[in-house]
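Using the sequences plus the hints, can you model the full thing?
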Amino acid sequence: MRNEKELLELINVHLEPQAVEIKREQNVSVELAPKNLIQALSFLKSHSYQHLSTISCVDWLEEGAFELVYHLFSYDDYINISLKTRIKREPGIFQTAKEIWPVAEFYERDIHEFFGVEFKGNDNLEEMILENWQHLPPMRKDFDTREFVNDQYEWRDYNGQKHTD
Amino acid sequence: MIDLIYKIGHFLLITVFATALGLLFMGIARKIIARIQKRYGPPVYQPYLDVLKLFGKDAITHGFIFDFGAVMALGGVIATLFFIPLGSWQLYSMEGTVLLVIYLLAVASLGMAMGTVGSGNPQASIGISRALTQMLGYELPFLVILFSLIFRYQTSSIWGLMQAQAGSFLNWNLFAYPMMALVAFVVLIGMMGKKPFDAMIAPSEIGSGPVVESGGKYLGMLLLQKSITIIIELALYVNLFLGGADNIFSFSFKMLIVWILATMFGSLFPRFRIEDGVKFFWKWPLGIAILQALYIII
Amino acid sequence: MDKSTQTEIFFGPNHPGVPGNYGIIYEFEGDTVTSAKANAGHLHRGFEKLMEERLWIKNTALVPRICVEEPDINEMVYAMGFEAIGEIEVPRRADYIRSIILELARIQGHIFSIGGNAAGIGQYTVMHWGTLTRDYILDIFEEITGARVYHIYIRPGGVRQDIEDETFDKILDLMDELENERFPDLEKTLFENPNAQKRWQGKAVITKEEAVEMGATGPVLRANGVPHDLRKMMPYAAYDDVEFEVPTYENGDAWDRIKIARDDMLQSIKIIRQLIQNIPDGPVQTDLGNGLKYKIPKGDAYVKIESKRGEYGYYMVSDGGLKPYRVHVRGASTPLGLYGVREFLPGTRIADVPVWAKSLGICPPEFDR
Amino acid sequence: MNNNFVKGSWQEILDWAQNKSINMLHYCTGCGAIELPPTMTSRYDMSRFGIGPAATPRQADLLLVTGYLSTKTLRRLIYTYEQMQAPKFVVGFGSCTINGGMYWDSYNTIKQLDKYLPVEMYIAGCMPRPEAILDGLLKLKKMINNGEADGYQRYQDNLEFYHQNQEAVLGEVQRTQ
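Protein chains in written order, with UniProt numbering: chain A, 1 to 165; chain B, 1 to 298; chain C, 1 to 369; chain D, 1 to 177.
What you were told as hints is all true, and nothing was included just to trick you.
With a Cα cut of at most 30 Å, we get these calculated BS3-like pairs of lysine-lysine:
| hint | chain 1 | residue 1 | chain 2 | residue 2 |
| --- | --- | --- | --- | --- |
| 1 | C | K203 | B | K194 |
| 2 | B | K217 | D | K142 |
| 3 | C | K259 | B | K38 |
| 4 | A | K141 | A | K23 |
Read the hints as simulated data drawn from the structure, not as lab findings. Predicted, not measured: the structure shown is a model, and the values here were computed from it.
What follows is the structure in structure tokens.
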């Protein structure tokens, strides 16, 4: 049963975090370089952090980076860890965490479909939610959904006055 | 010649009467189930409206086998009506009608099977394979019962078996052989495909089974077939175990009682999986039927 | 297994046995499923994109529509996320009212899923009774929030309005009625019914290791003897002031999960009674100024609570603007609906596919978003 | 399929029978489907008006579009609609089927249902309540009885209009006939 401080010492000793922060009670966020994130995942998994809630992706358009956040939880310490890393937006390539958590394959497939991030080693990245979608991955910040909708669909005209203007 | 016309007229009367009564029973069953589920439920004459609407709709055919299957199912069932005494109405009552009825019922379900295979929908073929395996399940105890009855009363015509129970209601088979009547009741529920033995039309597993591809008039014909089947099986049960009746009204009343019991019994049970259903049939009902048969023989 | 004997079935979106608008494409041989694939995405509306286009307060109307069975869970997690990033204190009475709403939502969710499971195996009477019981709870919701299903009641900073005292009495009367009349009926017709037990026992088994590996929580874990409940592990709202047990069973099959649903409801009734008994007075909403100008500093937070199917979490990021920068929804049945179907459905009989899907509580809008 | 729906007296009887017994397709396309179980079961009980669920499109007459429609569902809905038999009716729930409703700016939902399928009536309510659904269905029964519910005819008559709109959104759509 570690508390937040002991956990932080463990992380500082074993992994080279760029930034560590206790956000709230039972919530810790750790920032790492992309190259040693997968190694950190397997390290934490062996230290009772077996539950991978989900993998989130945030598109920082101005800084030209995708931020991948891995949410782990331990059934002993009852602490949430959000492992963050930033990868370049242009190539948008990252390794898969499939070997550590097989379920990550579907979270990565989801991120690939909505952000276009390539996960090396995960061969099952084809379309799942959308159906024959030829445009920009929709969750990127530079995809404007209102402009897309205006030219894709016409609006119902209530005797002359359009619904949106 | 006159006798032929009389027979044909009598037969038409029986068919119309059986269909109307069958649909009425289905309406009553829906009402009972609705009451058990704390709601009003459709009006009792709803099945008549369903059939009328279904015959009014367009329907897509899947080829000749599909059409012929529906016709054969309905025809096989109507043919069975020849040999079942409904109270005082009786067309043919020679020896061997018991076995003939069992055979003709099988013809009807085989007709439906052929129709569904014509429809080519995998869910329909699963449904019909379940229906046939279930038929295998309940035929065994039923045949054992029939043979023991035939052996007991030395006659194999339904009319003869019914006459054997005449006199006071004490010597109905229900009281003479209560265990056999109980087994026959469970088999009756299996034959009619009511819950808990309705794995073949399980909507949540295979989308209403064999009838998945039949809309419009095909579904109407299958609905008529179902209603006549209900009347046939109830009539068989009443003749064999409740001593038939001298007039049609008390006969229908007895059928109604058995039908209400079967509906209530069914509405509180989830459905068996098909192999559990068949296993159940071969375990308890078959065992009791064999015991009863031994009791009669010795 | 050569391909010729295998047929493919679309246990498709239009099917009474499937929970919601979601399809499973499975191949079967004889009567056993050999391989299965989830056909999800039918309910995708791009929630996360829409949320980035709307102000903070406007999202409270959009958020409950993510998962239809449990709208209050979404409202609560959204509000908790907002308060976590902005370090906003919620008055104690609002915490109590939030817990009451969440527990009422849990009961209506469980009774509805028990009805759905019963319909899956053909026991329609229980479905009718279950939906009827759920309707009485929706009436209570209507009194408190004005709407049956989508309440838009839990907001960042508290709740929309207070609950009067006679509504509390109505809730208590309903709890007594549930405990003394509704649940005993259910107990007799379903839980003491040998057929139902035979249909559910040993079916759709997910072991403890598989569940932890997959990230599935809630009844799937608690059916394997693991008493994990976020209300105890990471107490939120007013759950640290109430005592309740976490029911667990041993062999992790559909039968145990449905019994857990029943025991959870009984616990929820106990919680609601304790909450109503010692609810403090005071305001129900901290003043955050004009709703249209809600603003919280730059930051991010992953908040999660215990829905009836397990951990339900949001990862929310704010860049200090008037609108959320990013909201990622993690539904409770996400691992099961996508990964679980491919890994654990093969091997079950065709008759048990609806049992598998419904007893694991797969709710497609959660992973379609 | 014969397109000449002649308005004889026989048709009136069929319309009367059709409105007395409607089979509603058990297909929950959108979020409004959560209010269907209460409408079908004990408390509001739509079966007392003769409306019951049907498992397959072949046996169904009424298609309820309960709320928004993603493009993936629209494709399956068109296949389902074309599998249904002639006197068939479509009822839309809520404002999502009229002008996109709350998801008006979503890239994956369609904005007007009646450009793709002929709609008989819309029932108001962002998820209409069971009472509203029953009221709508009763009005639909009146429309069927006096022959106004002719959506399937409109679909037949201007098939081109509907097919173009469908292909505009979905790309290629399999056609049965």
